[in-house]
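Below, each chain spelled out in residue letters.
There are 2 protein chains.
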Amino acid sequence: MAKEITNREENYSLWYNNLVVKADLAENSAVRGCMVIKPYGYAIWEKIQGALDKMFKDTGHVNAYFPLFIPKSFLSKEAEHVEGFAKECAVVTHHRLMNSPDGKGVVVDPTAKLEEELIVRPTSETIIWNTYKNWIKSYRDLPVLCNQWANVVRWEMRTRLFLRTTEFLWQEGHTAHATRQEAMEETQRMVEVYASFARDWMALPVLIGSKTPSERFAGALDTLCIEAMMQDGKALQAGTSHFLGQNFARAFDVQFASKEGKLEYVWSTSWGVSTRLIGALIMAHSDNNGLVLPPKLAPLQVVLVPIYKGNDELSEIAEYLQPIRKALEAKGITVKMDDRDNVRSGFKFAEWEMKGVPVRIAAGPRDRAQGTVEVARRDTLEKQSVPVAGIDEYVIQLLIEIQANIYQKAHVFREKNTFTVDSYEEFKTRIEDGGFFLCHWDGTPETEEKIKEETKATIRCIPTDASPEAGKCMVTGKPSAQRVIFARAY
Amino acid sequence: MAKEITNREENYSLWYNNLVVKADLAENSAVRGCMVIKPYGYAIWEKIQGALDKMFKDTGHVNAYFPLFIPKSFLSKEAEHVEGFAKECAVVTHHRLMNSPDGKGVVVDPTAKLEEELIVRPTSETIIWNTYKNWIKSYRDLPVLCNQWANVVRWEMRTRLFLRTTEFLWQEGHTAHATRQEAMEETQRMVEVYASFARDWMALPVLIGSKTPSERFAGALDTLCIEAMMQDGKALQAGTSHFLGQNFARAFDVQFASKEGKLEYVWSTSWGVSTRLIGALIMAHSDNNGLVLPPKLAPLQVVLVPIYKGNDELSEIAEYLQPIRKALEAKGITVKMDDRDNVRSGFKFAEWEMKGVPVRIAAGPRDRAQGTVEVARRDTLEKQSVPVAGIDEYVIQLLIEIQANIYQKAHVFREKNTFTVDSYEEFKTRIEDGGFFLCHWDGTPETEEKIKEETKATIRCIPTDASPEAGKCMVTGKPSAQRVIFARAY
Chain W
5 MAKEITNREE NYSLWYNNLV VKADLAENSA VRGCMVIKPY GYAIWEKIQG
55 ALDKMFKDTG HVNAYFPLFI PKSFLSKEAE HVEGFAKECA VVTHHRLMNS
105 PDGKGVVVDP TAKLEEELIV RPTSETIIWN TYKNWIKSYR DLPVLCNQWA
155 NVVRWEMRTR LFLRTTEFLW QEGHTAHATR QEAMEETQRM VEVYASFARD
205 WMALPVLIGS KTPSERFAGA LDTLCIEAMM QDGKALQAGT SHFLGQNFAR
255 AFDVQFASKE GKLEYVWSTS WGVSTRLIGA LIMAHSDNNG LVLPPKLAPL
305 QVVLVPIYKG NDELSEIAEY LQPIRKALEA KGITVKMDDR DNVRSGFKFA
355 EWEMKGVPVR IAAGPRDRAQ GTVEVARRDT LEKQSVPVAG IDEYVIQLLI
405 EIQANIYQKA HVFREKNTFT VDSYEEFKTR IEDGGFFLCH WDGTPETEEK
455 IKEETKATIR CIPTDASPEA GKCMVTGKPS AQRVIFARAY
Chain L
5 MAKEITNREE NYSLWYNNLV VKADLAENSA VRGCMVIKPY GYAIWEKIQG
55 ALDKMFKDTG HVNAYFPLFI PKSFLSKEAE HVEGFAKECA VVTHHRLMNS
105 PDGKGVVVDP TAKLEEELIV RPTSETIIWN TYKNWIKSYR DLPVLCNQWA
155 NVVRWEMRTR LFLRTTEFLW QEGHTAHATR QEAMEETQRM VEVYASFARD
205 WMALPVLIGS KTPSERFAGA LDTLCIEAMM QDGKALQAGT SHFLGQNFAR
255 AFDVQFASKE GKLEYVWSTS WGVSTRLIGA LIMAHSDNNG LVLPPKLAPL
305 QVVLVPIYKG NDELSEIAEY LQPIRKALEA KGITVKMDDR DNVRSGFKFA
355 EWEMKGVPVR IAAGPRDRAQ GTVEVARRDT LEKQSVPVAG IDEYVIQLLI
405 EIQANIYQKA HVFREKNTFT VDSYEEFKTR IEDGGFFLCH WDGTPETEEK
455 IKEETKATIR CIPTDASPEA GKCMVTGKPS AQRVIFARAY
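Same order as they appear, the protein sequences are chains W and L.
According to my numbering, the first sequence is numbered sequentially starting from 5.
According to my numbering, the second sequence is numbered sequentially starting from 5.
A hint or two may mislead.
Same chains, same names: a pair is fine if it fits in one copy or spans any two.
[Unchecked claim] Calculated cross-link-like contacts (lysine-lysine; reagent style DSS-like; alpha-carbon spacing at most 27 Å):
id, residue 1, residue 2
1, Lys-413, Lys-387
2, Lys-266, Lys-454
3, Lys-91, Lys-117
4, Lys-456, Lys-91
No wet-lab data here; the hints were simulated from the structure.
All chains, please: the whole structure from these sequences, using the hints.
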C-alpha cells in the first residue's frame with residue numbers, strides 16, 4: 005500500500021477525508037450527502053453501540069422504536085422546535101410511482117398524493133411525545149426512560165463523512181419525569197454517561213458544560229454537552245443532553261395525576277450521540293500513517309503477520325504464530341492472521357497501520373529460531389522483540405497501556421492548547437491558531453454574535469465549574485460570572 | 005389484570021390484535037400503518053437480532069450500512085424489480101418546509117423541490133449494487149458478504165401490527181460471488197440459517213422450499229423460503245433467501261476480472277427476515293391467557309412473586325426469595341422480582357402470564373416454613389411445589405424443557421394439520437378449516453392462479469424434497485413432478 009494520504013500538517017481537512025476513505029470506513033453514496041458506512045467503519049459503530057447500550061441499561065433505560073415519519077402538523081406544535089428543523093427536512097409527499105407515459109422509467113403518480121405530508125424524522129421528540137400522551141396517566145407511570153437506536157435525516161447544505169451527513173445513525177433517549185428536579189438530574193446523568201464513554205472507551209478527554217441560549221437544542225430550556233478538541237485545535241461537539249422542561253408535554257398535552265391527585269404537565273429530557281463520534285475518534289487520535297484506534301473500540305486488536313520466503317517458510321511461520329493467535333483469542337482479544345500470499349509484508353504493515361490496528365505481531369525465521377516475535381504498537385510506532393512465552397499477558401498489558409497512552413496524549417494536547425485570555429485583540433489573533441480559549445463574556449447574545457462574526461469562534465460551553473471566577477467581558481467590559489470556552493468548531 | 009383478550013377460538017384475528025396490545029408489545033402510531041414497538045416488544049427484537057447477528061457472523065458475514073434513500077432512476081434499472089415495488093413507495097420530493105403564508109403552521113417550500121425524487125428504501129438491492137460497482141473489480145474482491153440491519157418502508161394498503169406494517173425493521177443480506185454455484189450455495193446456506201434460528205430459538209418448526217415463479221421476489225431467479233404454520237392453520241412466510249443470478253450486476257454493470265483475466269458479471273443473493281418474526285412467535289405459541297414465549301427469546305425468563313399480608317411479611321418473603329434471584333442471575337437467567345405493593349398477587353400472576361414469562365416462582369409464609377416455592381410454567385400452566393435447595397438447577401432444566409415442549413407442541417400441531425389430498429373437490433372443502441395441503445400441481449401459473457381465485461390458497465413452497473413422488477395435478481390432471489404445499493397465508 006503506497007502512502008496515499010495527505011499530511012495532517014499540510015491540509016488537515018483533506019487528511020481527514022483521505023483517511024476515512026483509505027481506511028475503508030465510509031464513502032459518499034449516489035445520494036447527496038448520504039454516506040455508505042463500510043464494514044470496517046460499521047464495526048467501530050457496533051462497538052460504540054454495544055458499550056453505550058450497556059451504559060444506558062445500567063442506568064435504567066430500555067430501548068423502543070418509534071416511526072420514521074412525522075406528520076407535518078406535529079412539527080409545528082412546539083414553536084421553537086419547528087423553527088429549528090423546518091428548513092432541513094426531507095418531505096414525503098406521495099406514496100406511489102407509475103410507469104412514465106413516455107415509456108421511459110417511472111414517475112410519481114400524481115393521484116397518490118398524501119393528505120398530509122410526512123417528514124423523515126430529524127429527531128423524534130414530537131412523535132414520541134404524541135405517543136407518551138397515551139402511556140402516561142398517573143405518577144405511577146413515571147418515569148418513562150426510553151432510548152431508540154435509529155437513523156435520522158437533516159438536509160444539511162454542506163456535508164462531510166461522519167461529521168455532518170444528510171442521513172446519520174444515532175441514539176436518542178427520551179425520558180419523562182414527575183418533577184423538574186428529576187428531569188434535571190437525568191439531563192446531568194446522561195451527559196456524564198457520555199463523558200465517561202468518551203474517556204473510557206474513545207480515549208477522548210471532554211469538557212462538560214451548558215450551551216448558551218443561542219446554541220441550545222430547538223425546544224430545550226438547557227442543553228448540556230461534551231466538547232472535545234481535535235488535533236487542529238478545533239472543537240467538536242460529541243454529545244448533547246437536553247432539559248426540555250414541560251415544553252413538549254404542553255405541546256402534546258401530556259398530563260399526569262400526581263400522588264396528591266392533581267393534574268400536572270410531565271417534565272422531560274432528550275439526549276443523543278451519533279455516528280459523528282467516529283469522526284471525533286479519527287480526528288482526535290490519528291496520524292499521517294492512518295487511523296489510531298483505542299484498543300477498546302478497535303474491530304481488530306491484534307494482527308499477526310508471518311514474514312517468509314516461499315511456501316515452506318510460510319507454513320513454518322504460520323505454525324509458529326498459530327498458538328499465539330489461540331492464546332490471545334482465549335483471552336477475548338480480536339485477532340487476525342494476515343497470511344495473504346499476493347502482497348508483501350511491507351504492504352501489509354502499511355495497510356494495518358492505515359486501519360489503526362493497535363498491535364501488530366510479526367515473525368520470520370530468525371524470530372522463530374530465537375523464540376521471539378516482533379511486537380509493534382500503533383500509537384507510538386515502536387517495535388520490540390518479545391519472547392513468545394507469556395506473549396498473551398504481554399499483549400493484554402500493552403493494549404491497556406495503549407488505551408491509556410492515547411487518552412494521555414489527547415489530554416496533554418488539549419491542555420497545551422487551552423488558553424486563558426482576557427484581551428479581545430489577543431483573542432482575535434490567537435484564535436487563528438486554534439485551541440480552546442477561556443474568556444469572560446457578558447452573557448448577551450449580541451456579544452456572542454459579534455465574536456462569532458468577527459472570529460468564527462463560538463461559545464462551545466459554559467463549563468460546569470465548582471468555583472467560578474468572576475471578571476469582565478473581553479469585548480464589552482461588562483461583568484461576567486465565569487469564564488466560558490470559545491473555539492472554532494466542526 | 006382482568007381477562008381482557010378475546011378467545012382465540014372465537015376470533016383468531018382479534019385475539020392476536022388484543023394480545024399484541026395487552027402484552028405491551030406494540031401499538032399503532034399516529035402515522036398510517038407505522039407501529040410503535042414498545043420496550044417489551046423491542047426487547048424480543050433485540051434477542052432475535054443478537055442470535056441472528058451471531059449466526060451471520062459465524063457464517064462469514066459482516067455488517068454495513070447503506071443509505072435510506074434510493075434515487076428514483078435506480079429503481080427502474082431492473083425491470084421486474086421496479087414492477088414489484090413502484091406501487092408501494094414513499095416518495096421524497098422536497099427538502100424544506102416554510103412558514104405558511106396564512107401564518108398557521110408550516111407548508112412545503114415549493115422552491116425546495118428535488119431534481120430527482122428519492123424513494124425511501126423498500127429493499128436495498130439497487131443502492132447496494134450501485135455501491136458494489138466500485139468495490140468489485142477483480143475475483144480477489146469476491147465474495148462480498150454484507151448484511152444490514154435497517155428500517156424499510158412499503159406502502160401497504162392493509163396493515164397489521166408486526167405482520168404487515170408500512171415501516172418495519174429487518175436485516176437484509178446482500179452478497180456477491182464469482183460463480184453461479186457459489187451464489188446458489190449461499191442462497192441455500194442462508195435459508196438454512198433461518199430454519200435453524202426458527203427451530204432453535206423461536207421453537208418454530210418450518211418447511212424449507214422454493215417459491216413458484218409468480219411468488220418470487222421481484223428480480224430473483226429463485227426464492228427459497230421458510231414457511232410456518234400458525235394456530236389457525238394458516239401459513240406465515242417467516243424468511244426468504246433469493247438467488248438473483250446476474251440480474252443486478254447487469255442492471256448496475258458490475259463486472260470483475262476473473263482469475264483467467266476475463267470480464268464477467270457478478271452473481272448475487274439477498275436474504276432477509278423482519279419484525280414479522282415477532283408476529284409469527286405470537287401466533288404460533290400463545291393462548292387465551294396471553295403470550296407464550298420460548299425461554300431463549302423471552303426478555304424475562306423468571307418472575308418472582310412474594311405472597312404476603314402486610315409489610316412485615318413482605319420483607320420476610322422478599323428476603324426468602326432474594327437468594328433464589330441471585331442464584332438464578334449467577335447462572336445467566338433474566339429474573340424480575342415483582343414486589344409491587346399496589347396490586348394483588350392474582351393481578352401479578354395474570355400480568356406475567358399475559359407477557360409470557362416462561363417461569364413464575366411464588367412463595368408465601370407456608371412455603372417459607374417448608375423451604376419450598378411454587379413453580380408455575382407458562383407453557384402448560386402447571387404448578388408444582390419445589391424445594392429451594394437446588395432451585396437454580398431445577399429452573400435451568402425447566403427452561404430447557406419448556407423450550408423443547410413449545411417446539412414439540414407446534415410440531416405436533418403442524419403434523420396433525422398437514423394433509424395429503426388428491427381431489428380438488430376435497431381440497432376446496434377442507435381448505436376452509438385451514439392446514440397445509442400436499443397436492444400435485446401441473447406447474448403452470450394459470451392453474452396456480454385458478455386455485456388462488458377459487459380457494460384463496462396459494463402455493464407456499466415447492467418443498468426441498470430428496471425423493472419427490474410424481475403424480476397428476478389435482479386440477480388439470482396433467483403430470484406433476486412432486487407435491488407442493490398449498491395453504492391460506494398471512
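- Query: So which hints don't hold here, by number, going up?
  - Reply: 2
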